[in-house]
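**Q** Below, each chain spelled out in residue letters.
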Amino acid sequence: MSTPVALASEVVALQARGLAARLGGVEVLHPTDLTLRAGRWTCVVGPNGAGKSTLLKALAALLPHAGTVRLLGRDMESLSRRERARTLAWLGQGTTGAEDLSVHDVTMLGRLPHRPWLAAPSAQDQAAVRDALQAMQAWDWRERPLGELSGGERQRVLIARCLAVGAPVMLMDEPLANLDPPHQADWMALVRARVAGGGTVVSVLHEVGIALQADDLLVMRSGRVVHHGACDDPATHEALQQAFDHRLSLHRVDGRWTALPRA
Amino acid sequence: MTGRSRAPTLQAVRTRTRSTGAVHPALLALALMMLLALLLVLGTLVGSAGLQWPGSAADAVAQRIAFEIRLPRTLGAVLVGALLGLAGAVAQGLFRNPLADPFLLGSASGAALGVALALAMWGVSPLAVQALARLGVTGAAFAGAMLGVLLTLALSRGVQHTLRLLLAGVIVGVVLGASKDLITLARPDVLQGLQGFTLGHTGFIGWGACALMAAVLLPLLVLAWVLGPLLDGLSLGEPTAQSLGLPLAPLRMALVAALALATGTAVAQAGLIAFVGLAAPHLVRAMVRTTHAALTLLSALAGAVLLAAADIAARTVVAPAEWPVGVMTAVLGGGYLLWRMHRGGLRSSGGTA
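Chains as they are written, first to last, in the working numbering: chain A, -13 to 249; chain B, 96 to 448.
Just so you know, these hints were derived from the structure itself, not from any lab. C-beta atoms are modelled at their ideal positions from N, C-alpha and C, and glycine is treated no differently. Certain hints may be false.
Label-pair ranges, simulated between beta-carbon atoms [what the hints assert, rightly or not]:
| # | chain 1 | residue 1 | chain 2 | residue 2 | range |
| --- | --- | --- | --- | --- | --- |
| 1 | A | E129 | B | L258 | 30 to 38 Å |
| 2 | A | Q112 | B | I160 | 31 to 39 Å |
| 3 | A | V212 | B | S274 | 32 to 40 Å |
| 4 | B | L262 | A | E129 | 51 to 59 Å |
| 5 | A | P50 | B | S274 | 54 to 62 Å |
Covered, in the sense of this in silico footprint (three residues per stretch, anywhere, with C-beta under 8 Å from a C-beta of chain A), are these stretches of chain B [as the list claims (entries may be wrong)]:
| # | region |
| --- | --- |
| 6 | 233 to 244 |
| 7 | 329 to 337 |
| 8 | 349 to 361 |
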C-alpha cells in the first residue's frame, strides 16, 4: 500500500449502495448502504442466518446482487477480474477440496491473480507464499497434502492462501473456525499488523468475545445491517444485546471488552 | 471425506512420514511408460495361438498379421485408454467429484443412439446407405456423442451451474438410452451389431483410426497441461476460484469441449468401454498426490496401460476366441475399485463426495 498510514483512515475501502442479494427468490440481504474505511478491522456479527456470509460474498461480487460496490474508490464493475482479485481477497467458510494439493501448492493459488498465465512463480510469488505460511506457522509442513491435515491445520493453510494474495482489502468468513487460542491470537496480531499498514480486514466471527477486539462492529439481523459502530461504543453494545435477544453479558477485562453467553 | 475421520492406514502413515507422497510423479510416469512399451510389444506378439516370436514363424503372413492387425489394434487400445483416462481426470476435476465418469455428459448414450440409427437405416434407402458409406458407423457414433453433449448443454442452459450440467447429463443419458431401446425394439436385427458396440471392442482399429486418435489426443494433452493450474484453483470451490479472478465460464466450456472430444473420439473407435475413465485417475491418486496438470497426464498414461492390458487379456483368456474388451475392463476396473474401497477408501480430489 502506498497510502500513508496517517491518511489511511480517511480512505474508503469499500462503499456499498443499495447492495441486496436473493437466494432462491428470497431476499437474504435487504438493500444495504455501507461505508468501510481503510486501515480498520471490522467484524460482522449476528445470529445464525442473519446474512453475514451473503453480505461478504456480495461485497466481493461473488454472487448475483443488486446495487453497486466501490472498491478503494473505483467501481467494482470497471475493474478487470484479475485487478479485482489482486485488490480484494476473500476467504470462504469451511472451504473443502484440494485434498491432493500440497500446502505449498494451495497457498500458491493465492498468487494466481499476480501471475501471467503459464508463467512459473516469480521470486516475489515465492516470498509471499513463504511469508504467509510462516505467519500461519505452516511452513515446516509445506509439502504435506491438504487432505492429510487436521481441521485447524487446514484452516491455517486456507488463511495463508488468502494472505498470500497480498490484497489491501481482505474479506474473511469465519477465519478462526477450528483454530486453537494461540493461533487465534496469531491471526489477530496479523490482522492488527495489516490494518496498521493501511490494509482493511472485514471478518465474520461467530464468537462475539473475539469480534469485540476489532475496531468496528457490523451487527446484522434478518438480512439487514442494524448497527455499524466502534466496538467500545455503548450504542454498539446495545445493538449487540438486541440482536442476540439480550442473551449476552458484556465485560471489560484488562481494558478490553469481551462477551459471554448468558443463561 | 477428509483424513481426519479415517483410521490412520499404512498409506496415511507413510505419506505423513515421507511427506511428499509415496511415489514421485515423474517416477510413476516413467514406470507407466515402460509398462506401456512392454504391453505394446506383447500386444503385437500375442496372437490367437499364443506368443509368436517374429523370428520363429518368419512367414510373410505372420508378419502382416502382426503389423497390419495386432500392432494398430494394440496401439489403438493404448490411444483409446489414454483418451478415456484423460477425460476421467478432467471430469473429476470439473465436477470436483471422484465419482465423475467421462461419459456423464451424455456422450455414451448419444453415441449408442447414433450407431443404432446408422444400423437401422442401413438398407432402408439407397440414400441412407450412401450417407453411411461416407460417414461410417464410426462417424455416426462420433456425431451421436457430440449431439448428446450439445443436448446436455442446451438442457442445462450453458455451463453456469455445474450441478445443473451434471443433472442434465443424467437426463439426456436416460432419454437417449430409451430412444435407442425403441429403435432396437422396432428393428431387433440391429441388436447384434449394436452389442459389439455397447460392449466395447478394439478389434477393428486400423492405422487410420490410430492416426486420427493421436491427432485428437496430443492437443488435448497440451490443453490439459495448460488448464491444470486453473483446475487446481477450481478445486477449492467455485467462489474461491472466482475470487482469484479465474475465468470460470470459459474454463468450464473448454473442459466440457475437451471431455466431449476425448470421449466422442474414443467411443467412435472402440465403443463403450467401461470403467477405464473412472479407474485411471483413482489408480494415479492412490500412488501420488499431485497437481491437476500432472494428474491428467498420468491418468492418460494409466488409462492407456489399463486398456492395453485389458485388450491383451481379452484376447488370451478364452483364446482362440476373445472377450469384448469392455467386459474385461469392467471386470478388472470394477474389481480394482472394489479392492481400493476395501483397503481404505477412495480419495476425492474435490470435497463434494
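**Q** So, for every hint listed, does it hold in this structure?
**A** Verification of the supplied hints:
1. Taking the beta carbon of each, E129(A) and L258(B) are about 33 Å apart, inside 30 to 38 Å as hinted.
2. Q112(A) and I160(B) have their C-beta atoms about 57 Å apart, which leaves the hinted 31 to 39 Å range violated.
3. Taking the beta carbon of each, V212(A) and S274(B) are about 57 Å apart, not inside 32 to 40 Å as hinted.
4. For L262(B) and E129(A), the hinted distance range of 51 to 59 Å is not satisfied, since their beta carbons lie about 38 Å from each other.
5. For P50(A) paired with S274(B), a C-beta distance near 36 Å fails the hint of 54 to 62 Å.
6. Judged by the Cβ-Cβ criterion of 8 Å, the region 233 to 244 of chain B is not covered by chain A as claimed, because only 0 of its residues qualify and three are needed.
7. Counting residues of the region 329 to 337 of chain B whose C-beta lies closer than 8 Å to any C-beta of chain A gives 6; at least three are required, and the coverage claim holds.
8. Closer than 8 Å: that is the beta-carbon criterion, and the region 349 to 361 of chain B has 0 residues meeting it against chain A, so the requirement of 3 is violated.
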